[in-house]
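J.: Single-letter residue listing:
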Amino acid sequence: LAKTTQPISMDSYEGQEVNITCSHNNIATNDYITWYQQFPSQGPRFIIQGYKTKVTNEVASLFIPADRKSSTLSLPRVSLSDTAVYYCLVGDFPSNTGKLIFGQGTTLQVKP
Amino acid sequence: DAGITQSPRHKVTETGTPVTLRCHQTENHRYMYWYRQDPGHGLRLIHYSYGVKDTDKGEVSDGYSVSRSKTEDFLLTLESATSSQTSVYFCAISETSFANEQFFGPGTRLTVL
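Those protein sequences? They're chains X and H, same order as listed. Heads up, the first sequence is in my numbering, so the first residue is 104 and it goes up one at a time. Heads up, the second sequence is in my numbering, so the first residue is 12 and it goes up one at a time.
Hints are not guaranteed to be accurate.
[Claimed, not checked] Calculated Cβ distances over 10 Å to all of chain H for the following chain X residues:
#, residue
1, K106
2, N122
3, Y139
4, G146
5, R148
6, G194
7, I204
8, Q207
[Claimed, not checked] Going by beta-carbon spacing under 10 Å, a handful of chain X positions derived as facing chain H:
#, residue
9, N129
10, Y135
11, F149
12, S182
13, L192
14, V193
15, G208
16, Q212
17, P215
Just so you know, these hints were derived from the structure itself, not from any lab. Note that this is a predicted model, so its numbers are computed, not measured. Note that the Cβ used here is the ideal one computed from N, Cα and C, for glycine as well.
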């Protein structure tokens, strides 16, 4: 299983762009990179998924370099409501020979 | 929001008693999962199911069993609850595989005294 490493916590201010980097040195060829967001007292929520280069949706962007050994979740112009825990995961898709490991995630604190 | 409900939402029980948590989905998704979440450990997979009567162990399966007799229901049983099983339990579903988007339920807070 590909193990991920991400910072335990980060602080930011409203209106700033936040970049959270995840390291996954032993990512396999079939692995996709997925990010989830979790608010207190709620289950995680899917944010974005990608395989290589760049993926963008209405919430975030995901940057994946050519070697795929790391990825960066970019949140544009964060607000107080973006305060949450962010999990980076890698998983085998679609053959599903592996399981996803959530880890401890990155706690993002957005300050006014 | 995906149609996932968990019951009960809160439960307090005593050590040694059996406990069953229920996860119910209305999405007809093939995969269902049980996770537990504890401070300092993030989310850890207990068991998962990839179809009716098809289940497998996750990262922390000791002391837990599961059953799935219908597509929509996935039960998690603690045969004899221990204080170390005090946790928040989340059920999740996904359409095709682990790496496919998982939708999470609201969670069940279980306290074992």
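J.: Would you pick out the hints that fail for this structure and give their numbers low to high?
T.: Violated hints: 3, 4, 5, 6, 7, 8, 9, 12, 16, 17; rest satisfied.
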